[in-house]
Amino acid sequence: MNNHIDTLVHSLAKICGSKNISVDPNVLNPYSSDMSFFKGNNPNLIVWPSKTQEVTKIIKLANQMDFSIVPVSSSSNDRHHGDTIPRKDNCIIMNLTKMDKILSIDKKNRVVMIEPGVTFEKLIPKLQQSGLRLLLPLYPTGTKSVLTSVLEREPIIIPRYHWDTSDPLLCTEVVFGTGDLFRTGTAAGPGTLSQQKKAGQAHVNPMGPTQFSPYRVIQGAQGSLGIVTWATMKLEFIPSEQKVFHYHSNNIEELLDFQQKLANYRLCDETFILNNLNLACLVKKSREEIENLTNSLLKWNLIYILAGRGNLAIDKLNYLEGDINDLMRDSNLTHLESSNLIDKNEILECMNNYTAEPWRTRYKGSYQDIFFISNFENIPKYIKKVELKHPENLGIYIQPINQGTSYHCEFDLFYDSENGSETNDLEGKFNEISIDLMDCGAFFNRPYGYWAREVYARHIEQTSTALRKVKKIFDPNNVLNPGVLCFDK
Amino acid sequence: MLQKQVLENFQKIVGPENVDDSEVMTNAYSYNWCMEFVNSSEGKEPIPFSSIPKAVILPSTVEEVQQIVRLCNQYKIQFKAQSTGLGPWNQPSSENCVILDLRRMNKIVKIDHRSLYAVVEPYVSGAQLQAETMKFGLTVHMPGAGPQVSPLASATSMNGPGFTSPHTGHSARNVLGVEWVLPDGEILKLGSVGMKNDSDWYIGDGPGPSLRGIMRGWAGAKSGIGVFTKVAFKLFPYPCSTKFKLSGNSPDYEFEIPDYMKLYVMDCKSYSHLEKVFLAIEEEEISFICSHLSGYGLGAIFSNSIGSLMDKIPIAGMLVPLVVLIAARTKREFEYKQKVMSKILIDFNLENVIGSKYTPNSLFYAEALRSNLGLHGFIATGGFQSSKGQCDTVKVCVKTTKESIPLKKKYIKKGVIGNDFGEGVWITSYESGHYFHIESPTMFDQTDEKSVKGMAENMEENYQFDLLKHLGAPFFVEGDKMHDLFGPEMMNYHIWLRKIKKAFDPNGIADSGFYISAK
Numbered sequence: 006m007n008n009h010i011d012t013l014v015h016s017l018a019k020i021c022g023s024k025n026i027s028v029d030p031n032v033l034n035p036y037s038s039d040m041s042f043f044k045g046n047n048p049n050l051i052v053w054p055s056k057t058q059e060v061t062k063i064i065k066l067a068n069q070m071d072f073s074i075v076p077v078s079s080s081s082n083d084r085h086h087g088d089t090i091p092r093k094d095n096c097i098i099m100n101l102t103k104m105d106k107i108l109s110i111d112k113k114n115r116v117v118m119i120e121p122g123v124t125f126e127k128l129i130p131k132l133q134q135s136g137l138r139l140l141l142p143l144y145p146t147g148t149k150s151v152l153t154s155v156l157e158r159e160p161i162i163i164p165r166y167h168w169d170t171s172d173p174l175l176c177t178e179v180v181f182g183t184g185d186l187f188r189t190g191t192a193a194g195p196g197t198l199s200q201q202k203k204a205g206q207a208h209v210n211p212m213g214p215t216q217f218s219p220y221r222v223i224q225g226a227q228g229s230l231g232i233v234t235w236a237t238m239k240l241e242f243i244p245s246e247q248k249v250f251h252y253h254s255n256n257i258e259e260l261l262d263f264q265q266k267l268a269n270y271r272l273c274d275e276t277f278i279l280n281n282l283n284l285a286c287l288v289k290k291s292r293e294e295i296e297n298l299t300n301s302l303l304k305w306n307l308i309y310i311l312a313g314r315g316n317l318a319i320d321k322l323n324y325l326e327g328d329i330n331d332l333m334r335d336s337n338l339t340h341l342e343s344s345n346l347i348d349k350n351e352i353l354e355c356m357n358n359y360t361a362e363p364w365r366t367r368y369k370g371s372y373q374d375i376f377f378i379s380n381f382e383n384i385p386k387y388i389k390k391v392e393l394k395h396p397e398n399l400g401i402y403i404q405p406i407n408q409g410t411s412y413h414c415e416f417d418l419f420y421d422s423e424n425g426s427e428t429n430d431l432e433g434k435f436n437e438i439s440i441d442l443m444d445c446g447a448f449f450n451r452p453y454g455y456w457a458r459e460v461y462a463r464h465i466e467q468t469s470t471a472l473r474k475v476k477k478i479f480d481p482n483n484v485l486n487p488g489v490l491c492f493d494k
Numbered sequence: 412m413l414q415k416q417v418l419e420n421f422q423k424i425v426g427p428e429n430v431d432d433s434e435v436m437t438n439a440y441s442y443n444w445c446m447e448f449v450n451s452s453e454g455k456e457p458i459p460f461s462s463i464p465k466a467v468i469l470p471s472t473v474e475e476v477q478q479i480v481r482l483c484n485q486y487k488i489q490f491k492a493q494s495t496g497l498g499p500w501n502q503p504s505s506e507n508c509v510i511l512d513l514r515r516m517n518k519i520v521k522i523d524h525r526s527l528y529a530v531v532e533p534y535v536s537g538a539q540l541q542a543e544t545m546k547f548g549l550t551v552h553m554p555g556a557g558p559q560v561s562p563l564a565s566a567t568s569m570n571g572p573g574f575t576s577p578h579t580g581h582s583a584r585n586v587l588g589v590e591w592v593l594p595d596g597e598i599l600k601l602g603s604v605g606m607k608n609d610s611d612w613y614i615g616d617g618p619g620p621s622l623r624g625i626m627r628g629w630a631g632a633k634s635g636i637g638v639f640t641k642v643a644f645k646l647f648p649y650p651c652s653t654k655f656k657l658s659g660n661s662p663d664y665e666f667e668i669p670d671y672m673k674l675y676v677m678d679c680k681s682y683s684h685l686e687k688v689f690l691a692i693e694e695e696e697i698s699f700i701c702s703h704l705s706g707y708g709l710g711a712i713f714s715n716s717i718g719s720l721m722d723k724i725p726i727a728g729m730l731v732p733l734v735v736l737i738a739a740r741t742k743r744e745f746e747y748k749q750k751v752m753s754k755i756l757i758d759f760n761l762e763n764v765i766g767s768k769y770t771p772n773s774l775f776y777a778e779a780l781r782s783n784l785g786l787h788g789f790i791a792t793g794g795f796q797s798s799k800g801q802c803d804t805v806k807v808c809v810k811t812t813k814e815s816i817p818l819k820k821k822y823i824k825k826g827v828i829g830n831d832f833g834e835g836v837w838i839t840s841y842e843s844g845h846y847f848h849i850e851s852p853t854m855f856d857q858t859d860e861k862s863v864k865g866m867a868e869n870m871e872e873n874y875q876f877d878l879l880k881h882l883g884a885p886f887f888v889e890g891d892k893m894h895d896l897f898g899p900e901m902m903n904y905h906i907w908l909r910k911i912k913k914a915f916d917p918n919g920i921a922d923s924g925f926y927i928s929a930k
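Line by line, the protein sequences give chains C and U.
Quick note: the first sequence uses my numbering, first residue 6, plus one each step.
Quick note: the second sequence uses my numbering, first residue 412, plus one each step.
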């Protein structure tokens with residue numbers, strides 16, 4: 006160890022104990038790369054805080070000793086988009102996996118409060134015991150941090166419950182880059198958290214305090230403005246009845262049209278469109294099963310779920326099903342083909358639970374995902390563009406978000422990362438396709454890794470200028486994840 | 412008045428006919444509703460006039476707004492922007508200020524019925540937009556202030572609770588793309604509309620952090636952080652058939668009630684029961700309106716005058732009323748929703764008085780669809796304003812209601828505010844019961860100095876009360892005095908808000924009277 010690191014270890018040990026710090030290269034090396042093509046630096050060390058006060062002290066120390074911090078929350082090494090790889094020298098990893106408490110589950114107010122290290126595999130069963138469910142992304146990996154998923158605005162699969170882009174995130178406790186502790190939304194006060202709880206609050210209003218909403222700038226910041234030490238999240242009750250519908254077609258436009266009407270009238274819970282390969286990857290495990298199912302399915306697959314709860318659950322399903330049938334008739338969509346190729350329970354498992362390993366790795370071991378937000382009209386144009394460049398081994402996922410006002414479009418490029426030439430070829434295609442999409446109007450609202458520079462170059466300059474002002478306010482010394490987004494200057 | 416050269420420069424931007432610094436015009440613009448009690452709160456004479464603006468300027472494009480703001484920076488003159496202009500928040504807080512009246516920016520830019528959003532300019536009213544969206548079977552969220560106000564102002568700059576909030580949410584959470592002239596004159600475009608090529612309005616967040624968090628919070632910045640010239644926001648399925656047939660003369664129109672609407676008014680009899688019923692109904696996701704009003708408030712929403720209010724004694728006598736309106740697009744949906752309500756009535760031992768003890772005029776249903784119920788707050792004394800404005804769980808809203816009754820009664824007893832037995836509140840659910848807000852509409856006489864002063868004192872005491880009891884931050888925490896009062900009790904947020912103001916408005920040009928100054 007050099008002197009600087011030695012001093013740093015000593016200082017950090019005073020904050021969270023020497024057993025919670027490591028400089029072991031075997032521990033550090035996995036943090037210098039991830040499953041993306043992004044190349045970064047090795048961290049100097051890794052620290053595992055277990056309390057908010059420790060996080061605060063470490064960030065204050067970073068401001069004093071001029072080192073930077075990359076926060077990591079998921080417990081597995083299956084990180085994907087380069088946002089946790091150090092870009093600068095003199096950087097440490099703050100691993101938040103020891104802050105893994107479910108602080109409260111409030112059934113009456115449909116809200117949960119969790120720390121950043123809480124994973125899907127920990128939280129989903131706990132909530133199920135209470136008759137509650139999270140607003141989930143599509144079949145999340147069990148070891149993934151729930152909070153990270155939400156802070157990164159991963160799309161959720163029930164658009165009608167997606168009232169705002171920020172959902173299901175509600176209130177947060179955050180330590181800004183200055184080392185100052187803050188609470189957002191109604192958690193800001195007046196009063197302490199326990200005084201607020203005593204008054205009957207449950208931190209379900211994310212807006213504010215008063216005339217600004219800092220939670221919105223923390224979200225999507227890739228840990229570059231503040232480190233969230235707990236957050237509350239919106240929940241829903243578990244339905245007692247769920248009915249799966251699966252339509253497939255070779256014409257995506259008619260499925261999009263149908264799905265748009267479902268979203269418009271808020272008739273279904275989960276709904277998304279997958280191409281045959283991605284649907285097969287979602288529900289099957291072995292490559293052979295995936296290939297067989299892919300070959301049996303028509304190219305495009307619309308899944309939606311109707312759900313009801315309590316004594317009138319069946320009544321609800323009947324009314325929804327009847328109304329949807331009328332809608333299909335009135336929209337001349339009755340020719341759409343319903344599929345029985347997949348056991349409905351297999352689909353429900355993917356809606357209600359987590360997967361042990363990322364489902365996108367099932368086909369060829371590795372994948373690179375290109376994702377962005379689109380309006381309704383442009384989706385077929387983007388699909389055509391990507392398929393022209395990369396027709397094989399391509400998974401496609403279309404997810405209406407924010408109550409159907411926009412769509413998450415995702416292209417999963419499957420490949421074998423053990424095969425050098427295939428990997429090299431894919432890296433080139435990944436970059437080329439990404440740029441092509443940006444050039445024809447795809448909105449990359451989560452600009453990871455090398456995308457960031459390209460994305461901000463395609464936005465008006467005022468966007469970067471305004472974001473840098475925000476960075477200067479909350480992290481003036483650039484100690485948090487320096488170099489991400491447009492914060493490289 | 413403006414100096415001659417300054418006036419000429421503003422005229423060059425918008426044309427001489429669109430700048431006016433005459434005494435008569437600037438004096439007229441210094442009037443606004445509730446200005447008298449704001450003045451009283453600030454220790455000034457309780458008159459309904461603010462500082463007189465130096466001039467009134469009417470831009471018609473974002474480029475003109477930009478040039479005006481740049482000129483304001485050059486001459487160190489503050490600006491205050493207003494859209495439909497209801498309330499004291501539209502008023503300048505100093506005499507070194509021009510008003511940007513955005514009434515010429517009155518276009519509905521786009522209705523995207525497939526992607527369920529509309530893009531509007533500042534002077535488009537909710538009613539105007541709703542009339543257009545109805546053609547696509549869609550509706551718009553309108554704030555409690557009513558259909559006559561600007562949904563752009565509500566979405567970007569004000570607050571946003573509405574009577575239809577269970578179905579249409581809160582203005583701040585419905586925002587998509589935004590066009591925003593910053594106080595330094597730069598034009599910022601949020602989200603997908605900020606792309607250099609192929610820009611569109613479908614999302615307002617990113618790339619990366621969402622600047623919507625700087626734009627506003629639970630409350631908006633009331634022009635203190637710039638001028639919003641276009642906004643996109645979500646549209647919602649119109650809750651029933653879009654036929655809208657009115658006949659007769661104002662104010663007693665007859666409305667042909669669309670199929671599949673049913674009103675429920677129930678007396679929960681106790682606040683603890685109200686809390687349970689509220690949650691039970693909202694968990695079922697069936698309501699278009701779900702609001703608690705006091706007995707008096709209930710009578711008022713069905714009345715157009717004090718005289719007609721007197722006829723509502725049978726319902727105004729309710730102890731803890733709950734108003735629920737269900738509406739449906741199809742017969743099946745309607746039958747299901749009625750079944751759910753029937754079950755809740757049995758489970759909670761409630762009686763729906765509509766159709767048995769009371770039948771409202773058909774106009775009520777039109778006003779419900781048009782979010783036009785707030786106007787009834789004016790009928791008793793001609794003026795009202797709301798204290799409170801907290802938003803979190805139904806529990807904290809009910810607790811706030813109960814515990815604030817003695818405080819309100821104190822001012823009723825003094826004879827300075829209208830008598831609603833201290834119970835006059837409005838609680839509504841949002842997003843099918845995920846959160847709730849409470850406000851306490853308080854009636855006073857704007858023409859009576861004693862009443863105005865009493866109202867101001869009542870508001871002040873409510874702020875202290877809410878702070879002391881940790882009941883959340885009310886609506887009108889705005890302006891330096893209020894931020895300095897609440898900030899230290901709320902994570903010192905005022906320090907961060909001031910940093911934002913300083914970073915985005917280095918010359919302090921956007922009037923901060925209802926926001927915060929950089930100090």
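The hints are simulated quantities; they were obtained by calculation from the structure and are not laboratory data.
All residues carry an ideal CB built from backbone N, CA and C; glycine is no exception.
There may be inaccurate statements among the hints.
Claimed, not checked - Below, simulated BS3-like cross-link-like pairs (lysine-lysine); rule was C-alpha separation at most 27 Å, straight line:
id : chain 1 : residue 1 : chain 2 : residue 2
1  : U       : K880      : U       : K864
2  : C       : K112      : U       : K864
3  : C       : K113      : U       : K813
4  : U       : K813      : U       : K910
Stated by the list, open to error - Chain U stretches covered by chain C per the calculated footprint, using a threshold of three residues with CB under 8 Å from any CB of chain C:
id : stretch
5  : 533 to 540
6  : 738 to 744
7  : 760 to 770
To be verified - So the derived label-pair ranges between C-beta atoms look like this:
id : chain 1 : residue 1 : chain 2 : residue 2 : range
8  : U       : M412      : C       : K203      : 43 to 51 Å
9  : U       : A439      : C       : I440      : 50 to 58 Å
10 : C       : K386      : U       : L730      : 58 to 66 Å
To see whether the hints hold, each was checked on the structure:
At most 27 Å may separate the alpha-carbon atoms for a hinted pair to count; U:K880 and U:K864 meet this at roughly 24 Å. Among the hinted pairs, C:K112 with U:K864 is inconsistent with the structure: their alpha-carbon atoms are about 44 Å apart, more than 27 Å. Between the alpha carbons of C:K113 and U:K813 the distance comes to roughly 20 Å, so the proposed pair stays at or under 27 Å and holds. As the CA atoms of U:K813 and U:K910 are separated by approximately 38 Å, the hinted pair breaks the 27 Å bound.
Given as covered by chain C, the stretch 533 to 540 of chain U fails the check, having 0 residues with a CB less than 8 Å from a CB of that chain where 3 are the minimum. Using a Cβ-Cβ cut-off of 8 Å, 4 residues of the stretch 738 to 744 of chain U lie near chain C, which meets the minimum of three, so the contact claim holds. Coverage of the stretch 760 to 770 of chain U by chain C is violated [criterion: at least 3 residues with CB-CB distance below 8 Å; count 0]. Hint check: U:M412 to C:K203, Cβ distance near 55 Å, so the stated range 43 to 51 Å is violated.
Between U:A439 and C:I440, the C-beta spacing of about 56 Å keeps the proposed range 50 to 58 Å intact. Distance hint check: the CB atoms of C:K386 and U:L730 are about 60 Å apart, consistent with the given range 58 to 66 Å.
Consistency note: the structure conflicts with the earlier hints numbered 2, 4, 5, 7, 8.
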